[in-house]
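> Chain residues, written in single-letter form:
There are 4 protein chains.
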Amino acid sequence: MVVVVKKNPDKEQFENLTNWLKSLGVTLHISEGESNMVLGLVGDTSSVDIDLIRSLAIVEDVKRIQEPYKNANRKFHPEDSVIKVADGVEFGGGTFNIIAGPCSVESEKQVIEIAERVKKAGATMLRGGAFKPRTSPYSFQGLGCSGIELLIKAKEATGLPIITEIMEFSQLPLFDEVDVIQVGARNMQNFELLKELGHTRKPILLKRGLANTIQELLMSAEYIMAGGNEKVILCERGIRTFETATRNTLDVSAVPVLKKHTHLPVVIDPSHACGYSNYVKPLALAATAIGCDGLMIEVHNDPQHALCDGAQSLTPDAFDDVAKACFALRPYSCRY
Amino acid sequence: MVVVVKKNPDKEQFENLTNWLKSLGVTLHISEGESNMVLGLVGDTSSVDIDLIRSLAIVEDVKRIQEPYKNANRKFHPEDSVIKVADGVEFGGGTFNIIAGPCSVESEKQVIEIAERVKKAGATMLRGGAFKPRTSPYSFQGLGCSGIELLIKAKEATGLPIITEIMEFSQLPLFDEVDVIQVGARNMQNFELLKELGHTRKPILLKRGLANTIQELLMSAEYIMAGGNEKVILCERGIRTFETATRNTLDVSAVPVLKKHTHLPVVIDPSHACGYSNYVKPLALAATAIGCDGLMIEVHNDPQHALCDGAQSLTPDAFDDVAKACFALRPYSCRY
Amino acid sequence: MVVVVKKNPDKEQFENLTNWLKSLGVTLHISEGESNMVLGLVGDTSSVDIDLIRSLAIVEDVKRIQEPYKNANRKFHPEDSVIKVADGVEFGGGTFNIIAGPCSVESEKQVIEIAERVKKAGATMLRGGAFKPRTSPYSFQGLGCSGIELLIKAKEATGLPIITEIMEFSQLPLFDEVDVIQVGARNMQNFELLKELGHTRKPILLKRGLANTIQELLMSAEYIMAGGNEKVILCERGIRTFETATRNTLDVSAVPVLKKHTHLPVVIDPSHACGYSNYVKPLALAATAIGCDGLMIEVHNDPQHALCDGAQSLTPDAFDDVAKACFALRPYSCRY
Amino acid sequence: MVVVVKKNPDKEQFENLTNWLKSLGVTLHISEGESNMVLGLVGDTSSVDIDLIRSLAIVEDVKRIQEPYKNANRKFHPEDSVIKVADGVEFGGGTFNIIAGPCSVESEKQVIEIAERVKKAGATMLRGGAFKPRTSPYSFQGLGCSGIELLIKAKEATGLPIITEIMEFSQLPLFDEVDVIQVGARNMQNFELLKELGHTRKPILLKRGLANTIQELLMSAEYIMAGGNEKVILCERGIRTFETATRNTLDVSAVPVLKKHTHLPVVIDPSHACGYSNYVKPLALAATAIGCDGLMIEVHNDPQHALCDGAQSLTPDAFDDVAKACFALRPYSCRY
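Chains as they are written, first to last, in the numbering used here: chain A, 1 to 336; chain B, 1 to 336; chain C, 1 to 336; chain D, 1 to 336.
To be clear, the hints were calculated from the coordinates, so they are not data collected in a lab.
Check before you lean on any hint, since a few could be wrong.
Note that the list lumps identical chains together, so a pair holds whenever it fits in one copy or between two copies.
Distance condition first, Cα-Cα at most 30 Å in a straight line; then the derived DSS-like pairs of lysine-lysine [said to hold, decoys possible]:
hint, residue 1, residue 2
1, K70, K202
2, K22, K63
3, K70, K22
4, K7, K63
5, K260, K324
6, K63, K260
7, K120, K324
8, K63, K195
9, K6, K22
10, K11, K260
11, K63, K6
12, K109, K120
13, K7, K22
Model the full assembly from the supplied sequences, consistent with the hints where possible.
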């Protein structure tokens with residue numbers, strides 16, 4: 001951390017500052033310029049409140065130099081993490097997986113039919129919403145427990161591992177046979193939930209919040225990892241911008257940025273990013289090309305009657321086409 | 001809702017669409033133009049999936065006309081809601097309250113000292129964090145239960161009603177003697193929590209999420225109200241933009257927009273919006289002028305040693321000055 | 001256009017509105033609902049001020065249905081436009097071109113050396129800044145006219161057509177031998193410049209502004225086309241968001257959205273979008289995969305001494321690698 | 001400027017970097033930490049390309065410490081600038097002016113009538129658009145020269161100084177009798193125009209771009225001031241965010257931030273910020289309260305027939321009310 005002190009600071013305030021910094025266990029290097037003085041803070045600065053320092057009368061500016069995350073940091077873990085979610089299904093380390101399935105689980109027939117179709121097309125995991133976060137209290141909120149039971153039936157029928165979203169941690173016991181627990185964008189900073197998931201040993205797929213920076217995504221991963229659960233898969237699903245032609249703006253740059261800063265695998269969800277089924281294929285191809293470790297795509301056998309988010313769901317036939325195109329392109333994609 | 005159908009639509013698809021719409025209980029008015037046809041949907045369209053319709057091949061565009069919220073809608077409740085939080089302390093209907101206190105509760109001495117000072121300056125409610133949502137797992141997370149106990153002691157000592165943040169609903173029993181439960185910006189779309197709070201009869205202060213629209217804030221209020229709890233106070237606390245000179249960008253326009261669309265009281269938190277104590281006074285004055293129903297301000301007796309968010313806290317002396325200025329300006333502020 | 005009128009509107013105001021609308025030459029279709037009335041406006045509504053109508057006391061909401069652009073609209077020109085910029089170099093209609101060259105032209109040796117290298121790697125047009133828009137008045141502002149002369153020398157030496165940016169229209173005479181005139185992001189809504197370029201018959205590469213919507217980009221293209229110049233190439237180069245890990249956020253979704261709404265070719269500039277040379281390759285691959293009609297990439301033979309934007313420039317060797325990867329991936333990319 | 005170098009950097013690259021920095025005339029202070037080395041750059045770093053340094057293989061991060069503007073910087077000019085625009089009309093130094101008038105000048109009768117009304121209500125300058133930047137080429141583009149002539153007639157009739165927008169610098173001779181030249185938001189980074197205006201000695205009102213940071217606004221002011229014209233008035237008029245309930249989001253925080261960093265006066269335009277006449281009064285009051293040096297408000301005697309931006313215009317009666325409310329509140333507003 002670097003603290004820029006104004007020219008000719010009040011002596012007492014300056015001493016207070018340096019004493020306080022030393023009391024936090026950091027060493028100071030002072031270099032004096034013409035119009036201000038620069039304090040270089042050396043040591044573990046993760047507990048120093050940067051905003052507090054910035055607010056002091058004698059301080060002109062403060063800059064953090066080290067990343068505030070440790071477990072998720074590639075610097076301390078240069079190799080890609082490889083996260084096994086089921087026999088033969090691993091994320092990271094050069095693999096490429098497509099997760100597919102309906103937005104909401106609706107019936108045994110629906111979920112098994114879709115599971116069979118996406119498996120045939122090359123998907124290696126089944127997604128399906130049981131607990132659904134909906135903006136409106138009057139929208140369908142998901143089948144809940146029985147939705148999870150239907151997913152488990154589809155898992156038994158097809159052998160595909162399953163992923164579904166948790167909404168709050170009292171639901172945890174229901175996730176025993178779920179292979180990957182999803183934390184949705186709206187819960188990315190539900191820190192109580194993250195802490196609790198840190199105590200499990202289940203793989204977690206953590207979605208980036210609509211207005212969260214890449215660094216905040218990594219800090220939320222750090223919450224889970226700090227609890228001892230290192231099996232975190234990150235997911236970019238679009239951020240909120242002023243553009244209204246798509247529901248959100250897919251930030252594909254998040255992939256190279258994350259690959260630089262973390263060893264965790266990165267998945268992209270083009271369905272939620274754009275909100276329209278006709279844009280899913282182009283975005284899935286861009287995501288594959290930029291070298292993400294997997295895709296998460298909504299598929300529905302009857303999008304016109306889907307209980308939620310039907311607009312962004314592909315038909316099984318359209319999914320066949322998308323998966324084929326992505327697998328064909330994959331050998332030419334970026335590698336890190 | 002208005003659906004724009006492309007010129008010469010496929011007949012079968014068009015019939016499917018109109019039949020499906022009718023099956024949802026809405027009536028259709030068709031008006032044909034030169035280059036497209038407009039379907040006017042009359043009736044309760046809150047359950048119609050607008051994105052789904054938009055994705056149909058024969059549809060050019062869809063527009064929602066009615067607001068998707070009911071309980072929070074001023075149209076159906078033209079008078080301001082007045083929410084009583086304690087004897088003599090009401091929000092809405094022309095009142096103006098300042099909520100003040102430390103970011104985090106640290107000790108009995110600290111919280112009582114601050115409570116006494118802010119009461120003397122005119123504050124009518126004491127705020128203080130017991131459970132703290134922090135971006136980093138390595139930052140101070142609040143005193144938890146014992147923090148709430150200290151707040152209750154300050155309430156007993158000063159008579160000020162208290163407000164503190166809930167992080168997840170298993171904490172609810174701890175809030176028995178808390179007068180207003182705060183839902184933080186990061187939990188604005190924690191729908192499970194909102195539903196649960198809808199079953200209580202406690203006043204709820206609901207903060208707008210960093211990247212949430214005003215309409216989404218109202219939909220979250222609707223979640224609480226749909227459960228039967230109509231005591232919701234809304235809070236604008238800054239949204240995320242590209243500007244970096246302030247922590248967030250205070251959206252003062254939210255006040256007149258909310259006053260138009262809802263009968264619920266609106267409070268502004270200038271401390272979190274800017275992130276720097278030296279900008280709190282200007283923002284508090286702007287917020288007062290635009291006619292909000294109250295302010296929420298961080299005050300600390302020793303900002304340099306505050307355990308969190310010290311940078312945005314005022315000293316009690318600075319708070320005296322801000323409160324005085326706001327009370328003086330209040331008679332000249334906007335009324336709705 | 002659809003106007004939603006409040007229930008039981010003031011009769012005189014309602015008549016004023018309908019008379020005024022008719023005076024603009026549009027036909028009205030009225031459909032009455034339970035809680036409001038919907039006016040469907042049929043005819044050319046491009047001159048109707050939507051915001052004005054929205055502000056009327058009796059109006060609840062207004063929605064535009066038709067796109068406000070004509071010449072750029074794919075609806076009226078379903079085939080891709082193919083824009084010839086030089087013998088054998090065409091944009092649109094299934095071609096794929098890479099434009100490459102230095103941020104700023106610095107010397108004859110520099111620009112010819114780079115031109116030869118990028119040509120060898122497969123680039124079909126040379127870019128190079130002569131007039132440079134710089135945030136600071138103290139930064140290098142480009143070589144101006146002599147920069148254009150150097151570009152022309154490189155064109156003579158290599159046969160590559162050239163593109164360079166115009167800053168205001170008094171510079172137009174200097175662009176006689178320039179093959180494509182670039183309008184930079186900051187000038188996307190410099191309407192006087194656009195009008196003037198509409199009177200030329202030169203191909204124009206129009207960059208999207210940092211905070212402009214896709215529809216606004218098309219409206220700016222419409223300015224040029226309305227003047228009679230239909231040779232417009234659109235360029236996405238990153239938009240401004242809250243994310244700070246990259247200079248801007250590349251909005252790859254702009255490609256499928258533009259392909260849906262316009263027949264004009266679309267180029268992506270990954271260099272300006274990210275701002276860092278190490279992210280150029282991943283973004284170039286994503287852009288190729290999503291089916292853009294070309295790329296625009298900064299290349300410098302000595303990035304450490306580049307006079308501007310060195311940080312985002314590739315070395316010629318790095319460019320070889322990027323071009324090769326993009327050409328290899330191109331056959332697997334999205335087509336429209 | 002502070003450069004953070006990675007641990008154990010390549011020796012040759014490190015020497016190249018330090019030699020190059022020294023060649024730019026800056027002095028280096030090196031402080032070595034455990035996991036990296038910090039170079040403090042002392043001297044004039046305004047010509048150092050921060051992005052270039054950041055892209056070097058051995059560099060971990062770079063931070064700028066000094067603001068990149070000089071003439072606009074309060075540090076070097078602690079007193080408020082006072083800009084005289086006409087006899088008895090000054091901006092800055094504690095004054096408060098309201099600029100009012102129609103979006104577009106339409107006729108002599110219209111502009112004189114409005115001028116008389118706003119003067120009576122306390123406005124001290126008349127605004128009116130002659131050259132209008134419109135998103136659509138099919139919208140009314142203003143009366144041009146004859147619009148300026150009508151403004152001059154209104155000036156003669158009422159004695160009010162006048163302000164109108166310039167679109168490009170060939171129009172400059174038409175502005176001889178205009179008292180303040182406005183640079184619109186879309187031209188904030190039209191650097192050729194700014195340079196040219198720097199050579200005049202007319203007061204310039206510079207509007208913040210829709211997606212420009214406060215620092216970029218100051219850099220654009222610096223362009224004008226570097227040319228020798230120090231008469232710059234800054235104007236905040238709303239920035240682009242994800243919120244759609246208002247046309248833009250008024251960033252009131254810009255006032256205290258600008259007051260801290262610059263000595264130039266700051267005006268707020270609530271009409272363009274919100275886009276709806278019914279939100280102008282609340283925003284004008286907030287702007288007054290936060291201590292801006294003036295307001296700029298659209299007034300039209302027949303908003304329903306205004307040729308442009310009618311939706312955000314007040315009637316003269318409504319303006320009377322707003323002006324009165326702002327003057328009444330002004331004594332209680334924030335001072336710097």
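> Which of the numbered hints above does this structure break?
Structure breaks no hint.
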